[in-house]
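Participant: Residue numbers (the working numbering), protein chains in the order written: chain A, -14 to 291; chain B, 440 to 633.
Among the hints, erroneous ones may be present.
[To be verified] Quick partial rundown of chain B residues pointing at chain A, CB under 7 Å, derived from the structure:
hint: 1; residue: N470
hint: 2; residue: N573
hint: 3; residue: F575
hint: 4; residue: P580
Hints listed in this document are in silico derivations from the structure and should not be mistaken for laboratory results.
We treat Cβ as the ideally placed atom computed from N, Cα and C, and that holds for glycine.
Chain residues, written in single-letter form:
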Amino acid sequence: MKNIFAIFSLVGMLAHSQALHAEIVWYPLPPEAYSFGKKYPDAQRLLFAFDYGHALVYERLLADRGNIKDPAKLEKEILSQIMVILKNPPNIKVDESDIAPNYVFTFPLTVSLFDWSHMLHQFVLDVMATTKDRRTVPKRIEELLEKYHSNTRVAITGACKTMDFMDGHYFSKTFRQTFPSFNLLIWSYHWFQIKLYEALMEQTEEDRDDEVKKVVAQFWKLLSDLPKSAPFEMMPMTAMEAPMFAIAFPNIPGAFDNNHMLHDIVSDILVSDKVASDKIRGEGFRMARVAQDPEAYKSEMCGRHH
Amino acid sequence: MMTKVFFLLMVFNGAWASTPDETVYRQLALNVRKEANFKVPLPNGQNLMFSYAMQIGKAMWLDPISYTFPLDFENKKFYRHFWDKIFLEDGSAIKIGNENVPLTCLYLEGQDNRSSKDTPLTPDFVLKIYLVANDFPCTGPVNPGWPANGGKKEIWDTYIYYEIRDPTIMLPMEIKIRHRWVEFSATLELSREQ
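Generate coordinates for the entire structure from the input sequences, incorporating the hints supplied.
Facilitator: Have a look at this one:
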């Protein structure tokens, strides 16, 4: 009998502990996890390739920092490497620390934020791609969002931020000025991710399949002749590129856009010679905390460039 | 039926209240040295020096988790394992050379021998302290969903580990540093102690 009490006590303790527990690991995985890839393998593999491409660029920029004599030549060289990856994308999600160990070690908080946020991106796609009863989609996405925000240690805020969050610092815009094609490649990644959500808003499975195909095809057009082929003047924003999705799930676009802006901020920190090498880690940490802060750079005009 | 439900609720409520021992265990975690200097002794005098400084933040759990292991049938002798996790404030760091690696949490694995000890050579407490870098949600030591959810089995790439056998002086012993998965044994650098 005493053992039964002990078991109940332990269950009670663990249940109570869980409420205070913050995990970087999404555990247990949602039942839909990675089902998007079974339905749309080409799009899923591209998403895996983006992770690979991002990590590769960051590691190279960190390794070559201060020694880049000819940015245009480096850009061309790395772009050709990335195109190989995009055309032969991985079948599994690659661990960033295996591709970019120095980047991961230098930006530990930022990488934790990205990892957690990317899981939300992925699982929202999974739910939207494979849920048969479409009436249950909003509830499932709300559940994912609730789980996401419960991990306060690594959740990027869903509150919308002004573009000053991305562009209002002493190191801002250096990446896009130094490596315009790289920058457009990364904005094309962001565009692709956002457009997939919009495609999956279609009512019928047939229409969703068609729209995803179109998004994949349009993505390749964007990359066909960089920088001319990707005519983005500003970073693609969720509310503008995926208006149906943004209206249906108003609590999500802010978190996704803030994630994308933080990627650009990391790129700028890595390239700007105004950031001393021994300050990189600290600046990465500081900007990650800003990304988490719902009050910092708060915007009342969600999803608009201003 | 209602009586049973009420009784179970009472049990759950009881589990949530801190016991005196849990308060002691939490206090042990909070009393760990807030800073220390260490040395990895290497040949030729090229020693690797490192240190840490930390500010204690919130505890992850309401109370430490504990488990009692009975040593007799009357429950007079037992020892108890306990675990606690405490978040550390921003600015807490391991300093290795010019590098400041952010410390994110303190993980304590402890053993309470007070009811079972029969010699002064057995310490009242054995505290195994991990000062963990880069794990902001303090998920480790292991990935709870591994291998199904990918990644590595172990989560912590960088930490300082030591044992404490006397909480009155909190002297670090059996010191080890894991730096980006590579581990070194170390000694306390007394000459630089604060």
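Participant: Quick check: which numbered hints come out false for this structure?
Facilitator: 1, 4
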